[in-house]
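Participant: So you can see what is in the structure, the chains are spelled out below.
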Amino acid sequence: MEEQGLSYRVHIDFPLLLGIFILCLIGLVVLYSAGGQDVDLVYKQAIKLAIAFVGMIIVAQLPPAEIERWSVWLFVFGIILLVLVIFFGDVGKGAQRWLDLKVFRFQPSELMKLTVPMMVASYLADKSLPPKFSWVVIACTLIIIPVLLIAKQPDLGTSLLVATAGFSVLFIAGISWRLLASMGVLAAACLPALWYFMRDYQKQRVLTLLNPEQDPLGSGYHIIQSKIAIGSGGFYGKGWLNGTQSHLEFLPERSTDFIFAVYCEEFGMLGVLLLLFVYLFIISRGLYIAINAQSTYGRLLASSLTLTFFVYIFVNMGMVTGQLPVVGVPLPLISHGGTSMVTLMAGFGILMAIQTHRRFLSF
Amino acid sequence: MVNEITLKDSGHESDLVAKRVYFSGFIILLLVIMIVLRVFYLTVLQHEHFTTLSKSNRVKITPIPPIRGLIYSRDGEVLAENKPTFSLEVIPEKIDDVDMLIGDLKKIVSIEKKDIERFKKSLKKKRRFENVALRLNLNEEEVALFAVNRHRFPGVDVVAGLNRFYPLGEELVHTIGYVARIDEEDVKQLNASNYSGTTHIGKLGIEKSYESLLHGDVGYQQVEVNAQGRVIRVLDRKAPSPGENLHLTIDLSLQRIAIEALKDKRGAIVAIDPVNGDVLTFVSSPGYDPNKFVNGIDSKSYKALLSSKDKPLINRVTRGKYPPGSTIKPFLGLVGLDNGVRVLNDESWCPGWYSLKGHEHRYRDWKKQGHGHTDLHKAIMQSCDVYFYILAYELGINRIYEGLSKFGFGKETGIDIGGEATGLLPSREWKREALGQVWFPGETLIMGIGQGYALSTPLQLAKATASLANRGNVVRPRLVTNSSNPITAEIKKFPVHFEDKVTVKNKLHWDQIIQSMRDVVHGVGGTAWRSGLNAAYEFAGKTGTAQVIGIAQDKEYKKEEIAEEFQDHALFIAFAPVEEPRIAIAVIVENGGGGSKTAAPIARKMLDRFMNDKTLTKGTSG
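Residue numbers (my numbering), protein chains in the order written: chain A, 127 to 489; chain B, 103 to 724.
The hints are simulated quantities; they were obtained by calculation from the structure and are not laboratory data. Careful, some of the hints might be misleading.
Negatives, chain B to chain A, calculated, CB over 10 Å [claimed, not checked]:
| # | residue |
| --- | --- |
| 1 | HIS114 |
| 2 | GLU115 |
| 3 | ALA120 |
| 4 | VAL138 |
| 5 | PHE142 |
| 6 | LEU144 |
| 7 | LEU155 |
| 8 | SER175 |
| 9 | ASP217 |
| 10 | GLU219 |
| 11 | LEU270 |
| 12 | VAL626 |
| 13 | LEU635 |
Label-pair restraints from in silico Cβ distances [claimed, not checked]:
| # | chain 1 | residue 1 | chain 2 | residue 2 | range |
| --- | --- | --- | --- | --- | --- |
| 14 | A | LEU312 | B | LEU408 | 27 to 35 Å |
| 15 | B | VAL598 | A | ASP326 | 25 to 33 Å |
| 16 | A | LEU306 | B | SER409 | 54 to 62 Å |
| 17 | A | LEU312 | B | PHE142 | 32 to 40 Å |
Stretch-level coverage of chain A by chain B, calculated; a stretch enters the list once three of its residues show a Cβ under 8 Å from a Cβ in chain B [stated by the list, open to error]:
| # | region |
| --- | --- |
| 18 | 295-302 |
| 19 | 311-320 |
We put the CB at the ideal spot given by N, CA and C, even for glycine.
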């Protein structure tokens with residue numbers, strides 16, 4: 127066995143660490159402006175980030191084989207928690223998502239963003255790829271059960287991300303294009319049924335997307351105001367702390383889901399290019415780790431985590447720029463809030479573990 | 103060989119995965135380009151458009167909540183109103199030392215620790231020039247005291263608002279319900295823009311079921327703000343349209359007699375006008391004070407209400423489930439006549455008990471020595487149990503079920519407030535599904551006296567009584583006759599809903615049953631003859647006594663030996679006048695003992711009041 131460099135001894139992937147670090151810095155800077163120059167808010171967010179950082183480094187120390195062994199149990203545990211939420215969950219912001227563990231409140235659906243791809247990856251890992259039809263059916267069931275449980279809470283954003291995480295494993299595992307296409311057709315056929323099951327406020331969001339002007343004081347307000355903020359920023363932006371739309375409180379949820387609009391207003395198109403560059407850097411590093419992973423499990427999981435990370439970005443930017451419905455997905459590592467950050471960081475921890483526990487045989 | 107395949111496959115697999123990863127990367131790039139193009143479109147191509155918009159964005163739209171409609175009784179008394187309240191509000195930017203200010207203000211108005219905590223909390227959230235409330239619900243004395251000292255406190259002011267108030271408190275809480283602060287559950291269902299300025303929403307009773315009418319439509323105010331967001335001037339104003347006022351069917355004089363009669367008791371009283379379904383009286387006792395709920399009840403008081411043995415939070419009129427007892431007999435008698443199982447003069451022999459052939463069990467009559475020869479008229483008048491055991495047995499459960507369900511037993515009455523219980527009219531199918539058992543003949547027998555599985559709500563009993571009084575015309579009970587617009591005074595009458603008529607083969611059967619019920623109160627030996635004494639009018643009724651616990655075969659029901667909560671429920675149904683009735687009443691006194699002793703006199707008192715009042719007997723509509 128050959129001794130590798132520092133990265134392999136401390137189990138930290140430095141390129142990834144650098145990207146995440148830059149993102150967090152950008153996030154704190156924007157938050158200071160978006161939160162009305164509230165130092166307290168930035169300080170609290172920094173503490174949360176630091177805790178999540180430590181969590182990431184701890185996860186990175188686990189050998190991937192160990193993580194693979196736990197996948198099934200974590201998945202079962204997560205499903206049990208989701209069912210518990212339905213019966214004992216606290217109601218927060220109009221949905222039943224929280225479990226009160228006395229010490230802290232916990233959102234089991236967050237856990238599923240990691241455990242679903244882990245489960246599907248570990249299920250497919252010891253099989254030959256591309257997967258047989260029957261395996262695909264079983265994998266789909268494994269994905270759909272938690273997705274439905276989360277959608278029932280109702281939390282459309284998270285269930286969408288969990289579904290992405292699960293299905294991206296299937297895609298990477300090489301499921302045939304024909305099967306993929308027929309699944310797409312099936313999903314499209316399910317849309318009317320989905321519409322039927324949607325809550326009124328969710329339907330409203332879709333309708334508002336199509337025509338925001340119809341309800342300027344209600345749900346259309348978000349999109350109209352966020353477009354004004356972005357558009358008025360121009361190519362160079364109005365400059366840090368100079369965004370008028372966000373500071374005049376025209377823009378709702380400006381420190382959480384809509385923080386991208388604040389960013390656009392103050393840093394303009396140029397800032398967006400920079401931000402996307404950092405995101406793409408992290409994503410390409412993630413995909414690099416995926417391709418170079420040594421086990422099938424590592425390859426599948428690393429790709430899925432990276433793709434889910436991108437879906438976060440795409441859905442959030444899509445909704446803030448008025449191209450996708452408002453589903454409540456934060457901009458990763460920039461939006462204010464602690465819950466999704468912890469899962470994201472744990473996901474990066476897994477990526478690092480996959481990269482830095484590789485063994486090189488010397489022949 | 104196995105090894106070889108695995109090795110070969112694994113190489114192929116990593117190729118496959120890599121291909122897919124590259125493909126994903128390609129898609130990601132495409133989507134990123136899409137985002138870039140979109141941002142380019144917004145920030146560069148549409149920059150001018152949005153810059154203009156952002157400048158005109160100095161005009162802010164703020165909602166003006168509509169004023170909630172009032173609720174009136176039939177005779178025009180206000181039952182729910184909007185009372186002005188005063189709060190002490192502070193503009194932070196005008197204050198140098200907040201703690202000193204609070205210290206000075208404390209000398210004039212009482213400011214408690216929790217007030218200060220709430221104040222400091224919202225101080226952080228709001229902008230410097232926005233009002234923050236320091237004290238809510240100032241009393242008039244405090245308002246006056248502050249007004250005198252106002253010059254000493256620049257940046258502090260008294261601000262008026264409106265608060266829902268129920269002047270009659272617990273007297274009508276089960277009818278009107280109450281409003282309370284909008285919670286997360288409500289947010290999901292309501293129209294967000296119409297409620298953008300509203301803080302309260304109907305949670306129960308009429309306040310809930312007529313929410314959309316009472317609420318009205320939101321108005322807007324366009325204000326110009328400066329760079330810091332401070333309001334410079336009001337540009338435009340669209341007045342809100344206030345909610346509709348509602349006029350109830352409730353007659354307060356009758357309502358109060360009923361409340362008085364149920365004072366310190368548990369029970370329910372409903373009175374309905376059989377012609378149009380107007381609910382004249384709607385009392386569930388005990389009640390509770392709805393005003394406590396409007397701005398959030400403290401958890402101690404709420405727990406006390408929840409854990410009270412008298413269960414004041416339950417609406418007994420619509421949700422209280424009681425065995426109908428002997429009040430079921432006139433309905434059953436009609437079913438018997440209509441099915442041809444009996445004619446009026448057919449007699450049964452009542453020795454004081456009845457047994458099914460081949461069974462030991464004795465089903466007892468309330469009168470130990472028996473009623474002797476009994477026909478239907480006598481059986482209703484004296485409430486002979488044995489007669490109805492035999493009748494029920496001969497009818498069989500299927501025909502009983504069919505006949506009674508026409509009168510609405512086991513179904514919601516459809517009254518215009520939600521949350522009704524359906525009660526229970528048992529059938530073979532129901533028992534098989536709910537209990538997984540077959541129907542026993544003994545259970546048919548006790549259906550004859552309204553015991554066993556049968557459960558009905560007081561409202562169901564009143565509706566059934568009204569339908570009987572009406573000779574089969576079924577009308578849906580309602581609590582609101584009309585709404586009126588507070589500005590235009592335009593009146594909108596709500597329609598009377600007639601439901602499927604109860605038809606009988608021979609119209610004479612109605613007269614026979616109604617005559618028997620008349621003789622319950624006016625006949626010699628009628629069970630409620632005492633309540634019929636010296637009445638200036640004729641009415642019809644039927645007593646009922648519903649057993650709460652079973653009494654063993656060899657034991658006798660001794661009131662003094664049984665704890666209060668296990669004593670019988672007293673029931674009485676009545677209507678008046680006998681011809682062309684204008685009121686039908688159902689009275690239930692929980693654990694009140696016998697129906698004739700406890701329940702019937704209450705109905706008599708209400709009928710006296712009703713029949714002596716010309717305005718009532720004529721009715722207002724229909």
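Participant: Each of the hints needs a verdict: does it hold here or not?
Facilitator: Right, here's what the structure says about each hint:
Interface exclusion of HIS114 (chain B) from chain A breaks down, the closest Cβ pair being 8 Å apart, not more than 10 Å. A beta-carbon of chain A comes within 10 Å of the beta-carbon of GLU115 (chain B); the shortest separation is about 5 Å. With 10 Å as the threshold on Cβ separation, the claim that ALA120 (chain B) sits away from chain A is violated: the shortest Cβ distance comes to roughly 5 Å. Distance check on VAL138 (chain B): its Cβ comes as close as 7 Å (rounded) to a Cβ of chain A, failing to clear the 10 Å threshold; non-interface status is violated.
With a closest Cβ-Cβ approach of about 6 Å to chain A, PHE142 (chain B) is found to fall inside the 10 Å limit, against its non-interface label. The beta carbon of LEU144 (chain B) is not kept farther than 10 Å from every beta carbon of chain A, the shortest such distance being approximately 4 Å. The claim that LEU155 (chain B) lies off the interface is violated: its Cβ sits roughly 5 Å from the closest Cβ of chain A, which falls inside the 10 Å cut-off. With a least CB separation of 35 Å from chain A, SER175 (chain B) remains clear of the 10 Å interface cut-off, as annotated.
Interface exclusion of ASP217 (chain B) from chain A stands, the closest Cβ pair being 23 Å apart, more than 10 Å. Even its closest Cβ contact with chain A, about 18 Å, leaves GLU219 (chain B) beyond 10 Å, as expected for a residue assigned away from the interface. The Cβ of LEU270 (chain B) lies farther than 10 Å from every Cβ of chain A, with a closest approach of about 33 Å, so its non-interface assignment holds. Against the 10 Å criterion, VAL626 (chain B) stays outside the reach of chain A, whose nearest CB is about 62 Å from its own CB.
Remark: the non-interface label on LEU635 (chain B) is consistent with the geometry, its nearest Cβ contact in chain A lying 58 Å away (cut-off 10 Å). Between LEU312 (chain A) and LEU408 (chain B) the beta carbon distance is about 49 Å. The supplied range of 27 to 35 Å is therefore violated. At about 32 Å, the beta-carbon gap between VAL598 (chain B) and ASP326 (chain A) stays in the expected band of 25 to 33 Å. Range check, LEU306 (chain A) to SER409 (chain B): Cβ separation about 59 Å, and the 54 to 62 Å hint holds.
Range check, LEU312 (chain A) to PHE142 (chain B): about 35 Å between beta-carbon atoms, so the 32 to 40 Å window is met. Evaluation of the coverage hint for the region 295-302 of chain A: fulfilled, as 4 residues show C-beta separations to chain B shorter than 8 Å, against a requirement of three. Residues of the region 311-320 of chain A with a Cβ under 8 Å from some Cβ of chain B number 0, which does not satisfy the need for three, so the listed coverage is violated.
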